[in-house]
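Chain by chain, the residues run as shown.
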Amino acid sequence: MDVDQSAVLAALDSVVSVVRTEGPAEAWRLRARVCEHRLRPVEPIDLPGSLFGWLGVQDDEIRWSRWLANCLGDRTAIGQVAREAFCKAVGASISRRPPVGDCSGALPPDAAFWEFVSPYHWRVVPEYAAPEGRIDVFVSIPNARTTLGIEVKLWEGWHPGGDGEESQHLRYRRLIERLRPDGGFGALVILTCREDFVHEVPPDWVFLTWRDLGRALRRVLADHRIRDPMTLWPLLLGLGALEHHLLSLEPGALRREADASSILPLLAWLDYLEVHA
Amino acid sequence: MRPEDSWFTEIGMRFARHHQEIRTAEAIFRDNRHRFLESAQDYLRDRLESRGIESTKSSPKPEDKREREEASLTVKAGAGRSASVLVVMGEQGAGDRHLVFKTGAAFVISKEQLPAIENVRSALAGVQDPLKVECFYEDQRLQVRFAVLDVAAGSFTWDSVRAELDALPDLFLRSAECLDCLMSRSAGPATSAS
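In the order they appear, the protein sequences are chains B and V.
Going by my numbering, the first residue of the first sequence is number 8, and it counts up by one from there.
Going by my numbering, the first residue of the second sequence is number 14, and it counts up by one from there.
Here chain B stands alone, though its shape is the one from the complex (with noise of 0.2 Å):
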C-alpha cells in the first residue's frame, strides 16, 4: 500500500472512530425521537416487507397511480383519508408556489378551496384516455364544479412529443381545460420524485413530490387516530412502500439495534417527519 492511500485511509479511520465511539448514545437518542411521531396501533414501517417490493413493481409508475386513483376515489376511510391528506399536500404546495392562472386564466384554486372539497365525493378514473394523451389520473369533483387531472411520475421528466407534437404538459392542460365545467375549475397537478423538477414545472401546474404526499398521509393519519387499522390496510401498505421506495427512507434504522450505521438513515427519518434532531 502506498503513502496516498494509507493517509487517505488513516484519515477517514480517524473520522469513522469518532463516529463509532460517539455514535450509539447519538443514534439511541435520534432514534427516540423518531419513536415519538409513530403512528399508533399501526406504523406503516413496522408492516413486514413491502408489497410493491414482493411484487417487484415499485419502479412501475403505473401501479403507483393506481394505488393513488384507487385510495382518492375509495369511498371508506381510505378515501376519506387519502384525499384530504392529498388536498392538505395540494394546498400546503400552493401556499409555497402559487399556481399562476388555472386553464381558463381565471384565478386559480387557493388551498382554502382544496380543504373545503376533500370531503365531496370525487369520481376518480385511473388512466384516462383522450385524444389529448393519456393522463394519469383524471378527477372529477362535481359538487365542487372542478375537473382534476393528476400527472404521476417517479424520477423521469415530461415525456417529448413526437413530431410537431405539443409536450405532455400542454397536451393535458388542453384535456381538461375541454373537461373543465362551465364556469368551475380545472386544475392540473405533477406528482412526482424529483424536487428539482419544479423548475421544469409550468406556472398553472401545481407541483407536488410523493414526499410532501407521505408527510401529508401521516399528518392526517395521526389526526384521525388509526381506529381499525383493517379499513385502511391498502393506503398503510402503500404508505410504507412509498416511504421506502420512493423517499429511501431505511425502515431497517429503526427496527435494529442503534449504532453509528444508524444516524444518517434516522436524520433521514427526522428531516422526512419535520422534527428536529
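Hints listed in this document are in silico derivations from the structure and should not be mistaken for laboratory results.
Remember, predicted model here, so these are calculated numbers, not experimental data.
The C-beta atom is built at its ideal place from N, Cα and C for all residues, glycine as well.
Just to be clear, a hint being listed does not mean it is correct.
[Said to hold, decoys possible] Label pairs and their in silico Cβ distance ranges:
hint	chain 1	residue 1	chain 2	residue 2	range
1	V	T69	B	R201	31 to 37 Å
2	V	A29	B	H166	45 to 51 Å
3	B	E202	V	R36	28 to 34 Å
4	V	S95	B	V282	44 to 50 Å
[What the hints assert, rightly or not] Listed below are the simulated SDA-like cross-link pairs for lysine to any residue, each with C-alpha atoms no more than 25 Å apart in a straight line:
hint	chain 1	residue 1	chain 2	residue 2
5	V	K124	B	W165
6	V	K115	B	D20
7	V	K124	B	E172
8	B	K160	B	H252
9	B	K160	B	R185
[Said to hold, decoys possible] If you only want the chain V side, here are some residues facing chain B, beta carbon under 7 Å, derived:
hint	residue
10	F28
11	I35
12	A38
13	I41
14	N45
15	F49
16	S52
17	F169
Assemble chain V onto chain B, guided by the hints.
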C-alpha cells in the same frame, strides 16, 4: 443539514468535541483522494488485464460535482458497444449524505434498448456475488451494480476496496455477455406470431 455542508462538516457539527480532528482528516482526505482513486484505477486495470480485458485509463474527473470524484476505465464491450468501469469516491445524495466508495460498470445503450434492462437484471440476479447486483438506467447508460461501501458504516480498508475491485471484471464480463445475447436476439429476423 444545510445543502452546502459536506459530510465532514455534518459529522464535525454533530460531534463538536472532535471538530478540529475532523477538519484535519477532511483536509488530508481532499488532498489525497485523487491519488487514492488513481491507485484503485491501476489495480482495477491489472485485474481486467488478467481476465483478457483491455482498457484505457481516463483521467480522474476533477471534482465534477463538488464532493465527488471518479476514475474510469473505458473498455470495449462486444458488438461496437463501449462501456466504462468506474470507481467513485465522494458524497452521495442530498439530505441523505453518505461518504461512499462505489464501483460498477456502465454500458452505453439507447433508449430503445431499455426493455433489455429487466432481462439483464434477472440474468444477473442468479450470479453468485457476495455484493448486491443492481441495474438501472441513468445518464443514457445501463449502470450495473454500483456497489457501495459506506465509509462510516463499516471498516473501510484497502482490503475492502480490493475485494470490490476484484469482483468487477467478472461482473463486467457477465453483463456484457448478457447484453450481447439480448441485442443479437432482438436484431434477429422477425418471427410470425403463432
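Results of checking the hints against the structure:
Here the CB-CB span from T69/V to R201/B is close to 34 Å, well matched to the stated 31 to 37 Å. Roughly 48 Å separates the CB atoms of A29/V and H166/B, a value that falls within the hinted 45 to 51 Å. Range check, E202/B to R36/V: Cβ separation about 30 Å, and the 28 to 34 Å hint holds. Range check, S95/V to V282/B: about 47 Å between beta-carbon atoms, so the 44 to 50 Å window is met.
Note on K124/V and W165/B: the hinted pairing holds, with a Cα-Cα distance of about 15 Å set against a maximum of 25 Å. Restraint check for K115/V and D20/B: the C-alpha separation of about 18 Å stays at or below 25 Å, so the hint holds. Under the criterion of a C-alpha separation no larger than 25 Å, the hint pairing K124/V with E172/B is consistent with the structure, at around 19 Å. Pair hint K160/B plus H252/B holds up; C-alpha atoms about 14 Å apart against a cutoff of 25 Å.
With a CA separation close to 23 Å, the supplied pair K160/B and R185/B stays within the 25 Å bound. Given the 7 Å rule on beta carbons, the hint for F28/V holds: about 5 Å separates it from the nearest Cβ of chain B. For I35/V, the shortest C-beta to C-beta distance to chain B is roughly 6 Å, which falls under 7 Å, so the interface hint holds. Satisfaction of the interface hint for A38/V is found here, the shortest Cβ-Cβ separation to chain B being roughly 4 Å, below the 7 Å cut-off.
For I41/V, the interface hint holds, the least distance from its beta-carbon to any beta-carbon of chain B being 4 Å, beneath 7 Å. Because the smallest distance between the Cβ of N45/V and any Cβ of chain B comes to about 5 Å, under 7 Å, the interface hint for this residue holds. For F49/V, the interface hint holds, the least distance from its beta-carbon to any beta-carbon of chain B being 4 Å, beneath 7 Å. The interface hint given for S52/V holds, since its Cβ lies 5 Å from the closest Cβ of chain B, which is under the 7 Å cut-off.
For F169/V, the shortest C-beta to C-beta distance to chain B is roughly 6 Å, which falls under 7 Å, so the interface hint holds.
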